[in-house]
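**Q** So the chains spell out like this:
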Amino acid sequence: MIDFIIANMAPIIFVSMVLFLLLGYPVAFALAANGIVFGLIGIELGLLGPQLFQALPDRLLGVMSNDTLLAVPFFTFMGLILERSGMAEDLLDTIGQLFGPIRGGLAYAVIFVGALLAATTGVVAASVISMGLISLPIMLRYGYDKRLASGVIAASGTLAQIIPPSLVLIIMADQLGKSVGDMYKGAFIPGFILAGLYVGYVVLVSIFKPKWVPALPLEARSFREPNGATGGRSLLVLTVISVAIAIAFAKTLPADKPLDELIVLCLMLGILVPFVIALINKAFKIGLLSAMAEKVTFVLIPPLALIFLVLGTIFLGIATPTEGGAMGATGALLMAIGRKRLNVSLLKQAMTTTARLTTFVVFILIGARIFSLTFYGVDGHRWVEHLLTDLPGGQIGFLIVVNILVFLLAFFLDFFELSFIVVPLLGPVAEKLGIDLIWFGVLLGVNMQTSFMHPPFGFALFYLRSVAPASVKTTDIYWGAIPFVCIQIIMVALIIAFPQLVTAGLDKDVKVDINTIELMAPSVDYGAEEEPAPAPTEPEKK
Amino acid sequence: MNALLKLSRLIDELTERIGKAAIWTVLIVVLISSGNAVMRYTINYSSNAYLEIQWYLFGLIFFSCAGYTLLHNEHVRIDVITGNFSKRTQTWIDILGTVFFLVPMACLVLYMATPVLLDSIKSNEMSNNEGGLIMWPARFMIVAGFFLLLLQGLSELIKRVGFLMGLCPDPTEKYKKKSAEEELAEAIRAEKGVPQ
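Each protein sequence line maps, in turn, to chains A and B. This note's numbering puts the first residue of the first sequence at 1, with every later residue one more than the last. This note's numbering puts the first residue of the second sequence at 1, with every later residue one more than the last.
Hints are supplied without guarantee of correctness; some may be wrong.
[Stated by the list, open to error] In the SDA-like style, the derived pairs of lysine to any residue whose C-alpha atoms are separated by at most 20 Å in a straight line are: (1) B:87 / A:222; (2) A:348 / B:74; (3) B:178 / A:343; (4) B:192 / A:490; (5) A:432 / A:345; (6) B:20 / A:432; (7) A:473 / A:273; (8) A:348 / B:192; (9) A:285 / A:273; (10) A:340 / B:87; (11) A:348 / B:24.
Hints are computed from structural coordinates only; laboratory data are not their basis.
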């Protein structure tokens, strides 16, 4: 009996962890207790040294001094302030009017705004609730198919999970020991391709099932010039001018500028031009622009400015991702003050929610660290490695199994639990198989995004249910999500088939000085010496 | 038992006050961190003390809110299976979980971290970074945080036993407040004039 336990310690710990977690007691404490119980048994059986838990205080200090995780409260806080600033509502109204007159237009507007909100912050619930309350009623009123309308809203809301800056990518980067900036760069293109696939689906629907996605009827369109035109031509001209100026500017820059830096700079200029024109137009009432062009310009400026403040500064190497989060949060605060939306009770609520989310996330990590002390102590990681490297098919076999596993686990676990418990077990194996960890992280990120959408536990569906009118049945919401879950799976397959989708964003950033910035951050690797075994959960600090 | 319930109410009060004060750390650390980035970029000024204060405050957020989060029943659970159990069974799980999971964890951390803290105070331990801060406040947060967590764990234990004995109401009901999502939905509804 004792021999059996000694020989199979790792699988026993693993199985009992699953059982402990399923009890429904808070994950953080169940994980930690699992580590402690088996740590003591291991010490008793002579499997582990009596000094096993000596490293604990320094490991906790290591969690505190983790600069990457500090981004979690920043982006959460930013999202909470921003969702109450009214920005999303303005965007949905205006962009809905802009695209509404074409078939499928309201659905395109939802996807567009979803991607835009996703690039400013990363809160799925907020996007889904705003869209569910603003776009869904309009879509239903003008005859959209209920399933398609709810599916497109749920899916567009979850874009926040994969388009940077997102919490999943931060935690993934932390657990895989990679830089958040690289993870963001890698996820950028796949995120927008995914949004493109959603658009493609709506295009198909508008061709084959035009009745599902009717255009807004004339009386529902609110943009109207005195002469009866929509003002679309003025917007088109404005867009063409801005794009031309941005491209001309790009040509003047030295050719060796990194691509991401180039894009950020050109975008900035391309936004500034119409903004200045619109300001002048408004101030002097010269009537150069149509109402539509002016409104669209003004409504797009705040989100684009925030995107620059966060992603722009990160990609340009001005700020670390953590500082980018702080800048974004400050920007969101200023914007909320400017729009007269900020009051003490909102501020307190945002801080309380942020503090609690941070606490439970960090405590899951603390629990996972205590668990890993024991699990790695008994060579559990080697056991997992053996299981997974022996799979037939090498890399591809591993990827397929892992993706199916994560897809299924995501029915029961949320992404915090998956990233803290499952990802650290998979990362080292992936590395051993020669898989690029950034690419692997983005792949898992897209996969986990699905967990927000699949019935019956998907959070996005749950939030949509809470705000959707009663005429939309719960089964409509479930059925509506399924095509988008399929698109998600196609995206996972695409990333596996074409790794350059992720890696193309990464190659040229050698000279971006994010690295030098990180050097200045406290780089104390507490307790590295006393570790019983090199634990992959403790990323190498630079 | 009544004395214990009184004690539990005292603990809850303490936890609530600490939590309510500690949430302001979020705002402070946001401002300090964006200040750091701006200062470095504009006037090329950067100090390890200001970088370190960021993670001191980060620690302050989650260590001082550990008990607070427990009080509000917000530590994440996997309740796919147990979510359907009766209230009594769930309460029993919480009691056993507190006794066998939470209390041992907190005690072990306190047992391991307290001597390290005392050493750190005695030796006036400084951070390894030039111009860095003294270390013991960081180590103190760990000890204090887990002490508060343990204390709140005991209070939760008392309340749940009390609930099973029929001496007090269901402790998880009291703190069910509107979530940020519900408030957002309400705000948008109010603005759009949509009825609930």
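**Q** Taking the hints in turn, state whether each one holds.
**A** Results for each hint:
1. B:87 / A:222: 53 Å, violated
2. A:348 / B:74: 17 Å, holds
3. B:178 / A:343: Distance of about 17 Å is within 20 Å: holds.
4. B:192 / A:490: 38 Å, violated
5. A:432 / A:345: 50 Å, violated
6. B:20 / A:432: Distance of about 46 Å is beyond 20 Å: violated.
7. A:473 / A:273: Outside the cut-off at roughly 46 Å; violated.
8. A:348 / B:192: 24 Å, violated
9. A:285 / A:273: Holds: residue 285 of chain A and residue 273 of chain A sit about 18 Å apart, inside 20 Å.
10. A:340 / B:87: 44 Å, violated
11. A:348 / B:24: Holds, at roughly 8 Å.
Hint check: violations occur at hints 1, 4, 5, 6, 7, 8 and 10; the rest are consistent with the structure.
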